Amino acid sequence: MQGEITKPLITTQTAEGEIDLRAKKRPGEMIVQGFLFFCGAVSILTTVGIVFVLFEEALVFFRDPAVSLVEFFTKTMWQPKIGAFGIFPLLLATLLTSIIGMMVALPLGVAIAIYLSEYATPRNRSILKPVLEILAGVPTVVYGFFALSFVTPILRDAIGKDTVDLFNMASAGLVIGILILPLVASMSEDALSAVPRSLREAAYGLGATRLETALKIVVPAALSGLGAAFIVAISRAVGETMVVAIAAGSGPRNFASWGDAFKNLALFNPFKSGETMTGHIVRISGGDLSYNSIDYTSIFAIALMLFVITLTLNIISQQIVRRYRMRY
Amino acid sequence: MEDSRLKMENGSYPEGRELQRFVDRRQLTGQIWKTVFLGATAIGIIALMALLYNVINESFGYVAWQNTVEPAALLREHYGDASAPATLEEAPRADKVAMLKANISKGRARALAETKALEERTDAELVQLLTDEVVKPRIAATWTLVESIFDKPAIEEAALQIPNSTLEFRNWVNRSFIASPQSSKPEYAGVRTAIIGSLWVTFIAFLFSVPLGVGAAIYLEEYGGSSRAAQIIETNINNLAGVPSIIYGMLGLAVFVRAFEALTSGRIFGVVDPTTANGRTVLSAGLTLGLLILPLIIINAREAIRAVPNSLREAGYGLGATKWQTIRAHVLPNAIPGIMTGVILAVSRALGETAPLVVIGASTFIVIDPNSPFSKFTTLPIQIYQWTSRPQPEFQHLAAAAIVVLLVLLLAMNATAILLRNKYRRSY
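The listed protein sequences derive, respectively, from chains A and B.
First residue of the first sequence? That's 1 in my numbering, and the numbers climb one at a time after it.
First residue of the second sequence? That's 1 in my numbering, and the numbers climb one at a time after it.
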């Protein structure tokens with residue numbers, strides 16, 4: 001930039017004549033950089049695409065005279081055939097399966113993480129971590145098969161065929177728990193391992209046992225990381241599709257009214273079938289779907305809801321990490 | 001844990017035996033919890049074992065075959081009681097043709113004759129036809145592997161209840177299962193179409209996402225720095241990685257299948273294929289999965305690029321190389337093993353993905369192998385989903401067998417990734 005003013009400084013005299021030492025304009029470099037920027041921008045386009053598509057179709061859905069935004073959030077029945085579009089039954093099923101899943105994955109995942117980071121010898125770790133990685137790499141449809149053909153029969157034998165339906169949310173929820181277990185375990189372990197050794201040594205030096213060190217020093221120090229892991233896991237459980245599509249049932253658990261829903265707490269029964277948001281989208285789009293039908297636009301409204309929920313959870317998790325991360 | 005604090009009594013801490021008891025108690029609590037943590041880890045391993053056990057258990061086992069029409073009855077009917085040959089093979093050719101014609105509908109006979117006149121067919125072909133069209137062996141009952149090993153007498157007894165049945169130990173993951181296309185009859189159904197579909201789809205996802213993903217990673221690591229644009233892209237990628245896969249399916253359905261239908265069905269390339277289903281093609285599926293694994297590839301590739309030490313870049317610049325020359329000749333070659341590992345992991349994710357493909361409308365029943373990006377398709381996971389959703393036990397066995405095939409494919413890919421990682425691992 002200064003070149004124009006102080007020209008003598010950036011040329012040099014040699015036997016062959018004057019050589020310009022200023023940086024050359026290199027169009028090739030610019031093109032490459034432009035292309036690489038474009039590659040990065042594709043991810044932005046994807047996000048914009050997702051948001052645009054979901055909003056556009058959801059807007060068509062809510063403009064439909066048969067649908068009202070208020071009823072969408074307050075009605076307790078989802079039955080497109082009779083024009084009942086209340087998201088509650090689908091949301092309820094999603095919540096139930098996710099909560100059951102978290103009840104499995106949270107305690108187990110944290111316990112595994114503590115074992116791996118505080119107790120296991122390097123040899124044990126090198127065996128256990130690949131096992132978790134294998135669990136994490138198994139396709140979700142396989143977990144769906146596992147839920148339907150292994151967990152459901154066990155539940156039905158143990159609790160009774162009258163109580164437990166062939167398709168039920170308990171089985172789907174349990175298997176979702178197993179499915180997100182590796183995620184919880186490995187994210188928690190990362191958080192625990194990030195706590196510096198000096199804190200542990202100090203605790204040992206004061207005479208604390210291994211357990212006391214783990215629970216009173218390491219876990220509190222890693223709390224933000226653990227929290228982030230839980231929230232990411234919830235988000236994953238909410239978005240999980242194949243397990244619930246296969247094992248939880250096909251048909252929303254509808255209620256005529258709120259009173260009906262809370263009678264005998266029928267809405268919380270995990271042993272009956274139900275349909276989650278994701279399960280519903282898969283079932284509807286699996287059939288022949290006409291672009292102009294309300295079925296088509298309705299699944300976009302559900303997907304928008306799902307997207308908002310998972311995005312919120314993910315952002316909260318990132319915020320936790322950013323705001324509460326301890327620096328050592 | 002509440003009493004892990006030493007209590008003061010009469011103004012002084014306990015000593016001697018009392019102190020020893022206190023320490024012992026804490027040690028014991030520690031031991032108990034250690035067992036609990038170990039137990040949790042064991043449960044994780046047991047879950048994996050149960051999953052594998054379940055799949056293997058359903059993939060092998062006894063089946064009872066039953067003929068729809070017994071060959072003996074067929075022969076008796078044709079010859080009368082006296083001079084019937086013992087088996088279908090031994091019957092003279094003319095009799096085989098006659099038996100065939102007598103037992104299939106006129107329309108079917110015409111259809112068969114159109115391919116090749118019945119009289120011109122060889123003996124072996126005729127026996128095959130008789131078996132397929134008339135005898136029609138089918139599986140009447142199935143058992144799991146564990147039942148087959150530990151409960152053989154009960155199986156034999158149950159098989160006796162099925163008239164004219166024969167027991168056979170069946171490996172559901174057999175060669176014909178891998179080589180046959182889909183069929184509505186579980187005895188003949190296979191996964192060839194699904195395997196080829198899966199390969200097509202993941203290949204397109206690979207072609208689409210690897211250049212873009214690696215390019216984005218290079219931009220973020222080497223050019224972006226801490227610029228505002230780079231930060232936005234980075235946050236965006238982290239968020240995209242957390243979007244449920246089914247949402248990508250919705251994106252693919254609205255954009256690739258519907259909006260770009262002319263492109264994804266191949267119409268603008270002049271492909272006029274009556275079987276392509278309105279953009280629900282290999283190409284749409286591949287692009288959708290490509291977008292799905294893009295964040296994964298970017299995140300992994302960034303780590304690989306970051307691991308290349310700065311001294312290499314400085315050396316490049318010191319020799320007068322431009323930025324891109326340095327990246328191309330020094331950074332990328334050193335980062336390639338790491339990038340490849342990430343790519344393989346991402347592609348194996350694409351291989352196992354089901355929900356987005358169901359949403360964009362993969363065909364559930366096709367018997368023709370996909371042969372271009374504009375073909376209809378099905379994939380292994382979708383096939384598994386379909387079979388799992390059917391109540392008949394035969395289809396559960398088929399689903400398990402397809403899972404075995406899928407897991408073997410995934411295992412092969414992951415093993416490659418690990419080998420690559422170990423072979424090219426460098427420390428600087």
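What the hints contain is simulated information worked out from the structure, not anything from laboratory work.
Wrong hints could be hidden among the right ones.
[Unchecked claim] If you want the ones that stay clear, here's a sample from chain A, every Cβ over 10 Å from chain B, calculated: (1) Ile44; (2) Phe73; (3) Tyr143; (4) Ile294.
[Claimed, not checked] Computed beta-carbon distance windows for the label pairs: (5) Phe271/A to Arg138/B: 32 to 40 Å; (6) Ala315/B to Ile127/A: 36 to 44 Å; (7) Leu411/B to Thr121/A: 20 to 28 Å.
Keep in mind the model is a prediction, meaning the values are calculated, not measured.
Glycine residues also receive a C-beta, built at the ideal position from the N, C-alpha and C atoms.
Exercise. Is the nearest CB of chain B more than 10 Å from the CB of Tyr143/A?
Worked result: With a cut-off of 10 Å, Tyr143/A comes too close to chain B, as the shortest Cβ separation is near 8 Å.
For this session: Look at the Cβ atoms of Ala315/B and Ile127/A and judge whether their distance stays inside 36 to 44 Å.
Result: holds (40 Å)
Exercise. Quick one: are Phe271/A and Arg138/B within 32 to 40 Å, going by C-beta?
Worked result: holds (35 Å)
Exercise. Checking the smallest CB distance to chain B, is Ile294/A really beyond 10 Å?
Worked result: Answer for Ile294/A: holds, closest chain B Cβ roughly 16 Å.
For this session: Take the C-beta atom of Leu411/B and the C-beta atom of Thr121/A, compute their distance, and say whether it sits inside 20 to 28 Å.
Result: holds (27 Å)
Exercise. Should the label of Ile44/A as a non-interface residue stand, given a Cβ cut-off of 10 Å to chain B?
Worked result: Answer for Ile44/A: violated, closest chain B Cβ roughly 6 Å.
For this session: Just double-check Phe73/A for me: nearest Cβ-Cβ distance to chain B has to come out over 10 Å.
Result: Answer for Phe73/A: holds, closest chain B Cβ roughly 20 Å.
Hints 1, 3 from the list above are not met by this structure, while the remaining hints are.
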